[in-house]
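These two chains come separately, so use the hints to put the complex back together.
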Amino acid sequence: MTPCLPRRAALALPAALAAPAIPRAQGAVAITVHYPQPLAFKDSFDAIAAAFARAEPQISVGFVTSPSYAEGAQQVLRQAVTDQLPDLSFQSFNLLRMFAERGIAQDLAPLLTREGDPAASGYTPPLLALARFAGIQAGLPYAASNAICYLNAELLRRAGFDRDALPADWDGHLALAGAVSQRVPGADGMWFAHSEWTFQTLLYGHGGRMMREDESDIAFDGPEGLATMRLLARMPSEARMPPLNPNAAVQALAAGRLGIHYRSTAVLASIAQAVGRNFELRTTVWPVVPGRPRQLAIGGAAGMLTARDPARREAAWRFLRFATGAEGQALMAMASGYVPCNQRTIDEPRWLAEFYRQNPLFRPAVEQMSAALPWFAFPGANATRIALSIGRHVEQVLERDADPARVLAEMAADVRRLLRSRG
Amino acid sequence: MADGRANPWPEAARLLVLGALGLLFLMPYLWMVSASLKPLDEIFRASLNLIPEGGGTLRNYARVLAEVPVLQYLWNGVVVCGGILFFQLLFAVPAGYAIAKLDFPGRDWMFGAVMLGLLVPYHVPALPLYVAFSWIGWLNTFAALIVPSVISVFAIFLFRQFFKALPDELIHAARIDGMNELSIVWRVILPNALPAATAFAIFSVVAHWNDLFWPLIAVTGHDRATPALAILYYRSEEAGDDFGALMAASAIMTAPLVLAFLVAQRRFVEGIATTGLKG
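Chains as they are written, first to last, in the working numbering: chain A, 1 to 423; chain B, 424 to 702.
Pulled out of the complex, with its shape left as it was, chain B reads as follows (with noise of 0.2 Å):
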């Protein structure tokens, strides 16, 4: 934090510029609140209001609440994406580390796989995986929506970036304490890259709590739906879309990101900071 004690104005404006920025990025989600209140009519009136005539209502939500079982997908969301998350670090982080820190033949080439990886995007895939998890039954499950994003490659190279900075003496010192390489890995390396997977963690769920591509495929019907499909329902192209009701469903199926995001806030910032990250 600059040091701005001596003069309070450059600290003033430099708020105020921050403030307005943050406001105007804010207004897309105010707005999705403001409307989520509004009845239809409202919303289509040539004036604009934010704040709801006569004090909002609630029917939209209520609406959600009755025809879409938004517990159950916001706690499939959280089983998908917690299941994916645990995934992806217990494979990135080991591998991250061998490849920064190990020397064994064949690292280099293992890293060109990787960043290889990065190349393929995963709608690629997508038509293979259904045909393969068809066959052995396993669509409309759970497994099917987190087995695909278990490995990482991302995180295999942002980890690996991350570990490459840490210092030798660490590890060293490590070993000659006796521990093995795993426990190194879990005891050692992982508390010191707590910034970069946090990071990582919203990057991840972000990505699968919001992904409509694949559960789309994978998933019919409630059982298994995640959070992002139920905002889905709302939308229909032939006989228009429900607007109040599509803004309340968005609000109820983003509000616990929003809720992670305001709790773990330092944290988060932290990671981005120190990784060298930005969206």
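For reference, chain A alone in the conformation it holds in the complex (with noise of 0.2 Å):
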């Protein structure tokens, strides 16, 4: 690897980063770039491909992409067979640790330590733990999202709620909720979107990690697990929560016919547009547990390099440095709806502060972005069982009246089953 413009003055403007101050003995490059879920980064990906190919002219950008992170990880696990690996790909977080286990993803620290300090360019600490996996730098965060509170303020309003002054713990939001559910005829009060990963973000709040530090055993099934479970278990009983697939709960959110639904950032626009004029549609912060301070799961895509030729390489980085950058962050945000990834993105007013005004319902996402914890991804081949595994029992608390200490006992069980044949 060339070293090449590790300069101060470069990496204060984006824009002067991007134009090679030091002429550089490299022709034109083509490079692939592969992203999952068109649908909802494609036209990010656009945007960006056209600011990058202004500032880069000699380095050409050809995406592919698959229709969801699954697929999109067994493209990549199956081009890494038959070497056909496109320089640069963008994963899901918490499948992002498979491909640094199994030696797919490059090491990014090196890359990022040459241009200088990555925390002066927005890669602050905790941003890249998001993608920090097998003691590796595996990849660098593009989107990100975490969940959040939508809220039909009418329904609200008709249960005797001031819209303003919601409550900011569980205790009031289930309060809340229950009291929809009884003083609107024919409305629920709430639903939760339950998963690994909202798991997660529950026994986040709590306190409470997926594995101990060394990862030697789970640490899920202790106290926090307990009370994590404890609180699923009131959503059905309290505050009346139906049984309901994600689609429908979006119908029953978007159709009027309910309070609270709890879900990702990431639906968001979807959600938006469901509604439309039907009703006013709000967002808020995630509730915290009385008493703790707000912790979150993480959700989102990291983009990791696979290039091996030295120039093809070099290319993907640039590409992948500037769609991580702090414009290319703010070109993210705005054609996506997700959280940017780049502290001087989300601190510097010049590059979203305009678009959040203008679209208040994205902004409680990036405000409670301080509070954000790596969504964990367990070791070894059977991650995604794993994760099924804990969206099952979750389930089985929500949706089947069962008792949270005997689920979370078996839950613990299962899971470390799992873990010890890994092989």
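It is worth saying that the hints were derived from the structure and are not from the lab. Since the model is a prediction, treat every value here as computed from it, not as a measurement. All C-beta atoms, glycine included, are put in the ideal place defined by N, C-alpha and C. Be aware that a few hints might be false.
What the simulated footprint calls covered on chain B by chain A, stretch by stretch (three residues with Cβ under 8 Å from a Cβ of chain A suffice, anywhere in the stretch; the number is not a length) [unchecked claim]:
no. : stretch
1   : 458 to 464
2   : 467 to 473
3   : 549 to 563
4   : 638 to 650
Some chain A residues well away from chain B (every beta-carbon gap over 10 Å; in silico) [claimed, not checked]:
no. : residue
5   : 159
6   : 277
7   : 356
Encoded structure:
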């Protein structure tokens, strides 16, 4: 790798960074970039590619896509076997660990530090931690989502609540949802998007961890895990949460039959469109556990470098650096509604202040980014099975009235078994 | 057709029942077309209306046409389905004829092998095929989409059953007239087997037009993508499906099949009625 332009001046301005100050003995390079779910990401990548083409005209970027995160991961795993990897691939945070463990994702730390202090360009340690796995910087975070509340302001008003003075913790939220389902005929109070990811979010809110620091054993079967399960069990009993699948829950919300919908910000654009002018939709930050600080698991995608050829590797790195830089992240946030993963984009008002003033629904997700914790991915080949097992057990508590303590014990046993048989 | 001229009532009752059933089966399709004409917030409203408010909108269709190279996808679908059907008939008709009508050592074994082939799900060879195609550099080509399906054991089985029922005299007469075996297959047997061939053509084209599994593995990007992949574009587990555009894409991608069926309806019904194949 030839070191190039690690200048403080170049780092100060993204535009300057993009224009190479040193003439480079490098001709035109074409790179292939892979990303999943074009429905959510295509506009953002098109905007970034257009800006990148102006900044670095000698690099041409071609895109390939896959319909979902899961298919994207499978595609890249297949291509790794047949030696047809793209130069750069964007993967869900929780799938990145697998690519790091299998040696497909390259360590980006040396590339980042050769440009100087990463934090100065917005790559702060908490943001980098979202894509740090297996001891390496497996990717640079591209788009983040976290859990927020979607409120039907009209239903809350009819239940007698002031929509500008909502409760901050779960006790208040459950009481509010219970009141909506009692006082408004035909309406349900709340729906909670249950999954392994939201389980993590609630567990972090209780101050818990998924595994011990050294990963010798699970850590979610302690008092924090039990408190999480008990909170989940209160949703159907106290707030009368109906048993709906995610699509049906969006329909219930959009049809004006649901008070509060607890879910990832990733669906915000599509929910806002589904609600349209049917009623006033609001979003707020995630409720806290009484007496504890807010802590959330962060979902989203990170770009991992897979190119081997030095020229293409350098070109792919420059595109990744641009897409995750301050300007690229502003373009990403405006085109997709995801939360930016660059601290400068979040902090400096010139990038997104105007966007959030015009789109206030998107603001809560950014406001709570300071409470971000990485989406923990389990080690080994059974990681996906473990996530599914946790999702299934959470569902038992929410939909089948199962005893929280018993379900937690069963879940712990099942996850331990899957961790042991990882081979 | 039953003769109901004497008393019109049984006929009317039958038509009523069939009409109601027809409408029931048509409902999902009508619903798809209706949803494709609505903006998303209308699809999600609590009230159900088949007729879109204010005459509907073509915005969903405009979106699909702008975001997905629709014509390219449809053309790819035609090439792939046409190619597959051509080769399937090319191989299956002579094979079915040989197994049904010719006497040669190992014939029953060969038929056994065909039956065995019917038992292998097509997902099983997918990974070896993928690795092999990547070795010879065939991924992302029409060949990768067509070649794995050119031999259909189902077609061989189907034609064998159909040819069994054809009278031997027909073939004998052709031999006496001096035709060789190949011209017997293409000039005597195939014209007689047209109902079976059209019935098989429906199954083959519908299956490959709608196939998602193999194109998703063999193809990346727009250039060789088949119609089913266009619909997938509007699905997103994390960010929520875009139902209006999803339905518009489905309507566009299924339209050629519906048109083809309407044009050749009589043939298809004949084919299915005379081969005893019912879905």
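Earlier hints that do not hold, by number: Of the numbered hints, just 6 does not hold.
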